[in-house]
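Below are the chains, spelled out letter by letter.
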Amino acid sequence: MAGFLELYGLSKEYMTRSGPQVAVEDFNLDIRKGEFVCLIGHSGCGKSTVLSMVAGLNSISSGGIVIDGKEIDGPGPDRGMVFQSPSLLPWLTARDNVMLAVDQVYPHASPEERSQIVEYYLSVVGLADSMEKRPGELSGGMRQRVGIARAFSLAPKVLLLDEPFGMLDSLTRLELHDVLLGLWQRDRRTALMVTHDVDEALFLSDRVVMMTSGPRARVGDILEVDFARPRKRADVLGHPDYYTLRERLIGFLADEDRERLAS
Amino acid sequence: MSTRARVIRGFEFAGLDLFVPFIRLFSGENPREQVATIVRTFGTPLVAIAVFLCAWSAIAASIETSIGAVPGPVAVWEEAKNLVAEHRQERQKEAEFYVRMEKLKEQYAAQGRPWKDRKYSGKPTYFDQIWTSLETVFAGFIIASLVAVPVGILCGLSPTFYAAVNPLIQVFKPVSPLAWLPIVMILVSGLYTSENPMFEKSFISSAVTVALCSLWPTLVNTALGVAAVDRDYLNVARVLKLSWWRTVTKIVIPSSLPLIFTGLRLSLGVGWMVLIAAEMLAQNPGLGKFVWDMFQNGSSQTLAQIMVAVATIGIIGFLLDRMMISLQRLVSYDAAAV
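The listed protein sequences correspond, in order, to chains A and B. In this text, residue positions in the first sequence follow my numbering: the first is 247, and each later residue adds one. In this text, residue positions in the second sequence follow my numbering: the first is 142, and each later residue adds one.
Rather than coming from a laboratory, the hints here were simulated on the basis of the structure. Note that the Cβ used here is the ideal one computed from N, Cα and C, for glycine as well. Treat the hints loosely; a few may be bogus.
The calculated lysine-lysine pairs, modelled on DSS-like cross-linking and capped at a C-alpha distance of 27 angstroms, are [stated by the list, open to error]: (1) B:382 x A:279; (2) B:382 x A:379; (3) B:382 x A:316; (4) B:382 x A:403; (5) A:403 x A:279.
What follows is a list of derived Cβ distance ranges for each label pair [said to hold, decoys possible]: (6) B:372 x A:500: 31 to 37 angstroms; (7) B:463 x A:383: 23 to 29 angstroms; (8) B:382 x A:310: 15 to 21 angstroms; (9) B:158 x A:492: 53 to 59 angstroms; (10) B:172 x A:355: 56 to 62 angstroms; (11) A:383 x B:143: 16 to 22 angstroms; (12) A:317 x B:316: 53 to 59 angstroms; (13) B:146 x A:355: 39 to 45 angstroms; (14) A:354 x B:372: 27 to 33 angstroms; (15) B:385 x A:383: 27 to 33 angstroms.
Sample of chain B residues with no beta-carbon within 12 angstroms of chain A, all distances over it, derived [what the hints assert, rightly or not]: (16) 165; (17) 187; (18) 191; (19) 196; (20) 205; (21) 208; (22) 231; (23) 232; (24) 283; (25) 340; (26) 440.
Please model the complete structure; the sequences and the hints are all you need to start from.
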C-alpha cells in the first residue's frame, strides 16, 4: 500500500573537504494518513537531515519524497514545521507570529476570519492571555507553544517536528506532550517527529522508526506502538507492554552505540 | 508597573540612564548605593572637567598670539553670553521692522497704493547659523539614508551584488569631504539652475557633500545586518513560502533594524563632522561659515568666538548621538529570545 507520506530510496550526500560524505543512504519509509511517526536515533545520525529533506529545507541527493501523491519540490506551507528552537520572530507578538502563517495560507479570508483562526490555535495551546506578548516576554515552553500553534494553524497535510521539546526542561516537556497530542487528536494530521527521547517517542507515536547511526544511516527497525488513543500518560506507563517496547528501543540504541564504538 | 519604575524606564529610554540613581535616591531606594553611584557617574566627570578648565585657563594665559592672548574659559563664557545677547537684539530689531511694515502697509492701503511684502534682511545670528547647520546636516543625512539603506539591503541579500559594488564602496569611503565638495559645487551650479530656487546652492552643495561622506557606515552596517539574518528566521520564511517582498519586509528588515540604526547613528556623527568643513568652503550660512568668517575677521574676539563654536559643535554632536541611541533602543528587540 502506498503511504500518504512516502520516502523512497532517500539519500543525502554532503561534499566535504575529504570528499563526499554520505549521511543518509537508501532511506525508505511509508507513513499512512493520520499516523504519528517518531524517528529516533543517536544524535548526529541524520534523523534531522531526513526531516529537513521532507520539509524541503535541505536538498535531496537521490531518491524522493511523495506527499499525497505529489513529489515535493522545495519547502511549502503544506508541511507545518515545528523547529527545535521555536524560531519565532522576536519583533512580533505571539499573535503576529501565528498571523504571519495564517496570512500565507488563507489569503482570501477576511481579517476577522484570520484573527479568529489565530486566536483559536493560540487558545488551544493555552496562550489565550499572552497573545500580545513578544517572544522575549514568554518562557521557553510558552514560545514552543506558539511554534506549535503556528504549525497547526497552517492546516498542513503533514506536520514535521524537529526535536521540538529538546530545549525544554522535563516538566515543561510533559506538559507540551499533552498540548501537542490534544491538538493532534482533533484532526489527526499525519505527523513525523524527530526525537531522541525514548519515552516521548512511545507516548506520542503510532510507530517508532529507529535509525542506524550514521554515516550511511538508514531505517534499522520499526516498532509498532498500539496503545489506545486518546492516550493518558498514566495509562501508557501502566500498560503491560510498555516496558517490553521500551526495552526494545533502548536495546536497539545500545547496540548501535556498541557498533559505533567498535568501528 | 509602579510610577517610579515607569519614570526610570522613560529615562533609560531617553538615554538619560545617568539620572536614574537620582530618582532611586529620591524615592528612598537604598540611599547609600545610589549616592555611591552618583559620586561615580557625576563626581568623577565633574572633577575631570574642573581639572580641564583649570589647565586651559593656566595654559591660555601664557600664550600670546598676533591677535592677543588665547582666551580662557571665562572669556569664552563671556563671548557665549554676547552671542546670545546679539541674537536677542537682532530678534528685537526684526520684530520692530515688521511692526513698521504693518503700519506702512496700512498707510499704503489708505492711500490706495500697491503694496509688496518685504522680508527682514538682517544678518543671521549665531542661533540662525546653528539652525541652518542642523537643517543642512539632516538634509544630507536623509539623502544618505535614502541611498544607503536600500543599497545596503541589496548588498546583504545578494553576495553577487555586494561583490560588484564592494570595490566602489572601499574606494569612495575614505574620500575626504574637502575633495568631494568642489566636484559637488560645480555639479550643483551646472545642474541646479532654476529661476526661483527653493534652496540655496550652498545649502545643496553642503548637504550633498555630507550625504556622500556619511552614507558609508549605514551602507556597510545595513549590508552586514541583512547578511547576518538568523537562518532560523529565513527557514520560517521558506517553510511559509513567503514572497520575496514579504520576506524582505517582514523578516529581513525588522531583523536587521538594530544594525541599520547603528549605521545611521555613525552616519549622523560623520555627517555632523563633515558638515563644518563643507560649510566653510561652500559658504553655507551655518556654523562652519561662522567659524570661517570669524577667522577672516581677525578681531580680538575671534578666538573666543571660534571656541564657543567648537563647544557648540561638540555639544550638538553629543545630543544628536544621544537622540540616535534612543531611536536605536526603540527599534531593537531582545535578540536573545528567539
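Each hint tested on the structure:
Distance hint between residue 382 (chain B) and residue 279 (chain A) is fulfilled; the C-alpha atoms sit about 24 angstroms from each other, no more than 27 angstroms. Simply put, residue 382 (chain B) and residue 379 (chain A) have alpha-carbon atoms about 25 angstroms apart, close enough for the 27 angstroms limit, and the pair holds. For the hint linking residue 382 (chain B) to residue 316 (chain A), the alpha-carbon distance of about 18 angstroms falls within 27 angstroms, and the restraint holds. Distance hint between residue 382 (chain B) and residue 403 (chain A) is fulfilled; the C-alpha atoms sit about 15 angstroms from each other, no more than 27 angstroms.
Pair hint residue 403 (chain A) plus residue 279 (chain A) holds up; C-alpha atoms about 9 angstroms apart against a cutoff of 27 angstroms. The beta-carbon spacing between residue 372 (chain B) and residue 500 (chain A), approximately 34 angstroms, falls within the hinted interval of 31 to 37 angstroms. The hinted range of 23 to 29 angstroms is satisfied by residue 463 (chain B) and residue 383 (chain A), whose Cβ atoms lie roughly 27 angstroms apart. Separation of residue 382 (chain B) from residue 310 (chain A) is about 20 angstroms and conforms to the stated range, judged on CB atoms against 15 to 21 angstroms.
Range check, residue 158 (chain B) to residue 492 (chain A): about 55 angstroms between beta-carbon atoms, so the 53 to 59 angstroms window is met. For the hinted restraint 56 to 62 angstroms between residue 172 (chain B) and residue 355 (chain A), the CB-CB distance of approximately 59 angstroms keeps it satisfied. For residue 383 (chain A) paired with residue 143 (chain B), a C-beta distance near 18 angstroms keeps the hint of 16 to 22 angstroms intact. Against the hinted window of 53 to 59 angstroms, the Cβ-Cβ separation of residue 317 (chain A) and residue 316 (chain B) comes to about 55 angstroms, which satisfies the hint.
Under the hint 39 to 45 angstroms, the C-beta atoms of residue 146 (chain B) and residue 355 (chain A), about 41 angstroms apart, fit the expected range. Take residue 354 (chain A) and residue 372 (chain B): their Cβ atoms lie about 31 angstroms apart, and the range 27 to 33 angstroms holds. Checking the proposed 27 to 33 angstroms range against residue 385 (chain B) and residue 383 (chain A) shows it holds: the Cβ atoms sit about 31 angstroms from each other. Annotated as non-interface, residue 165 (chain B) keeps its C-beta farther than 12 angstroms from every C-beta of chain A; the closest such distance is 24 angstroms.
With a cut of 12 angstroms on Cβ distances, residue 187 (chain B) stays outside the contact zone with chain A, its closest approach being about 37 angstroms. Its beta-carbon lying about 43 angstroms from the closest one in chain A, residue 191 (chain B) satisfies the requirement of being farther than 12 angstroms from that chain. Against chain A, the non-interface label of residue 196 (chain B) holds: every CB pair exceeds 12 angstroms, the least being about 47 angstroms. Taking the minimum C-beta to C-beta distance to chain A, about 61 angstroms, the non-interface status of residue 205 (chain B) holds against the 12 angstroms cut.
Taking the minimum C-beta to C-beta distance to chain A, about 57 angstroms, the non-interface status of residue 208 (chain B) holds against the 12 angstroms cut. Non-interface call for residue 231 (chain B) relative to chain A: holds, since the shortest CB-CB distance, roughly 48 angstroms, exceeds 12 angstroms. Against chain A, the non-interface label of residue 232 (chain B) holds: every CB pair exceeds 12 angstroms, the least being about 46 angstroms. Consistency note on residue 283 (chain B): stated as away from chain A, and its beta-carbon is indeed over 12 angstroms from all of that chain's, at 24 angstroms minimum.
Remark: the non-interface label on residue 340 (chain B) is consistent with the geometry, its nearest Cβ contact in chain A lying 37 angstroms away (cut-off 12 angstroms). Once the 12 angstroms rule is applied to beta carbons, residue 440 (chain B) is consistent with being away from chain A; the minimum gap is 56 angstroms.
The structure is consistent with each of the numbered hints, conforming to all of them.
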